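Protein chains: 4
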Amino acid sequence: MSDIDQMINELVKFRDERNWKQFHNSKDLALAISIEAAELNELFLWKKEEEVETIDPVRLCDELADIFAFSLLLANKHGLNIKKIVLEKIHKNRMKYPVERSRDTAKKYNEL
Amino acid sequence: MSDIDQMINELVKFRDERNWKQFHNSKDLALAISIEAAELNELFLWKKEEEVETIDPVRLCDELADIFAFSLLLANKHGLNIKKIVLEKIHKNRMKYPVERSRDTAKKYNEL
Amino acid sequence: MSDIDQMINELVKFRDERNWKQFHNSKDLALAISIEAAELNELFLWKKEEEVETIDPVRLCDELADIFAFSLLLANKHGLNIKKIVLEKIHKNRMKYPVERSRDTAKKYNEL
Amino acid sequence: MSDIDQMINELVKFRDERNWKQFHNSKDLALAISIEAAELNELFLWKKEEEVETIDPVRLCDELADIFAFSLLLANKHGLNIKKIVLEKIHKNRMKYPVERSRDTAKKYNEL
Numbered sequence: 003m004s005d006i007d008q009m010i011n012e013l014v015k016f017r018d019e020r021n022w023k024q025f026h027n028s029k030d031l032a033l034a035i036s037i038e039a040a041e042l043n044e045l046f047l048w049k050k051e052e053e054v055e056t057i058d059p060v061r062l063c064d065e066l067a068d069i070f071a072f073s074l075l076l077a078n079k080h081g082l083n084i085k086k087i088v089l090e091k092i093h094k095n096r097m098k099y100p101v102e103r104s105r106d107t108a109k110k111y112n113e114l
Numbered sequence: 003m004s005d006i007d008q009m010i011n012e013l014v015k016f017r018d019e020r021n022w023k024q025f026h027n028s029k030d031l032a033l034a035i036s037i038e039a040a041e042l043n044e045l046f047l048w049k050k051e052e053e054v055e056t057i058d059p060v061r062l063c064d065e066l067a068d069i070f071a072f073s074l075l076l077a078n079k080h081g082l083n084i085k086k087i088v089l090e091k092i093h094k095n096r097m098k099y100p101v102e103r104s105r106d107t108a109k110k111y112n113e114l
Numbered sequence: 003m004s005d006i007d008q009m010i011n012e013l014v015k016f017r018d019e020r021n022w023k024q025f026h027n028s029k030d031l032a033l034a035i036s037i038e039a040a041e042l043n044e045l046f047l048w049k050k051e052e053e054v055e056t057i058d059p060v061r062l063c064d065e066l067a068d069i070f071a072f073s074l075l076l077a078n079k080h081g082l083n084i085k086k087i088v089l090e091k092i093h094k095n096r097m098k099y100p101v102e103r104s105r106d107t108a109k110k111y112n113e114l
Numbered sequence: 003m004s005d006i007d008q009m010i011n012e013l014v015k016f017r018d019e020r021n022w023k024q025f026h027n028s029k030d031l032a033l034a035i036s037i038e039a040a041e042l043n044e045l046f047l048w049k050k051e052e053e054v055e056t057i058d059p060v061r062l063c064d065e066l067a068d069i070f071a072f073s074l075l076l077a078n079k080h081g082l083n084i085k086k087i088v089l090e091k092i093h094k095n096r097m098k099y100p101v102e103r104s105r106d107t108a109k110k111y112n113e114l
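Residue numbers (this note's numbering), protein chains in the order written: chain A, 3 to 114; chain B, 3 to 114; chain C, 3 to 114; chain D, 3 to 114.
Just so you know, the hints here were simulated from the structure itself, not pulled from any lab data. The reader is advised that the hints may include incorrect statements.
Each pair may be met inside one copy or between any two copies, as identical chains are not told apart.
Result set (PhoX-like, lysine-lysine): computed pairs, CA atoms no more than 20 angstroms apart in a straight line [stated by the list, open to error]:
1. K49 x K109
2. K49 x K94
3. K79 x K98
4. K109 x K50
5. K109 x K94
What you are looking at is a predicted structure, and each value in this text was computed from that prediction instead of being measured.
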């Protein structure tokens, strides 16, 4: 079994032991991702560049894991193949951000 | 190579072709996750329960892929093993949410 | 003095007593707004429509107050007149959402 | 009429002309605040400290105005007096962040 399938299996098992599927509609799963993302961001709030790379690694792992967990559950709910959608998005981004125009700039594609 | 490593390889390649590592400090990567999460949430804004499961699947894939992409890049920057941190977080959550007390309720662990 | 100026005065006083202006660059103030907004959203997470209007009013006040506080500080930092920018945005939205086309629909202006 | 009441009056008028009250439950208003906050944050994404204070002032005004608009509508929906809740929150924060311990530090109250 792939690493992704193993994670999804464990997440689904955890969810089903608690009978939580009833709460996991797509809108709330998306909201949960965004709340966990904010908790991740809180680790960096008010921090200068030099302090940013020295944050608590345990909290970083916990918050990132939560983001992955809810993202995996949402993807699973919609039957999405995560590797496939990520590789396809990279492909789309190659079109939106051609190397010659996007090199060394953080501008958005519509401002290039 | 695992699916996760393949995604990371492609993301790093895409990033390095554009020389974007200079922009990818942890604070901005975390911010990017949270901005993509908000774009995902926008698909569900003002939508009632019955409309939620019928949103545009292409946009859902695109936004979820963006969240995975920046989360993978941030994890990779800190040398984290994604499967490991997700499984460890599930383990922690088993302690915080014992089956008997958390079954059928969406309450947070500190309100159980 | 207007209500808005009174709030800003108290916020600036609170900030300056702690010498916190050094942390209040625009990027972190914007990030703080977004983190407080996520804390507000957490009150509603996993809640069905009928539970939504019965959330803890004290926490609602606290989270909303935090959002106003950081938004007022960011506006003040850039010398913005809040009433003016809100009324101007309503004016812009009148153009983007003409009554006849936007009535009874939650569609975004580019999908009307 | 106070500046705040004037803004709320105009927002309610705009909303009611379009019959949008049906969409403005508390959960979606909170979600809207958070989506607008992410759009504000996008102005600062990948920007270094020295670039941050030179962002497009029109977009800053637009995004901040949207945050104020939805926050005012949510406060109004719950009959909250905005000046009151902001001043009360400052009062609470004076307890959580005593001057002598919080001066010159961005630490959270539970880490002081």
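In rising order, the numbers of the hints this structure does not comply with: The structure conflicts with hints 2, 3, although it agrees with all the remaining ones.
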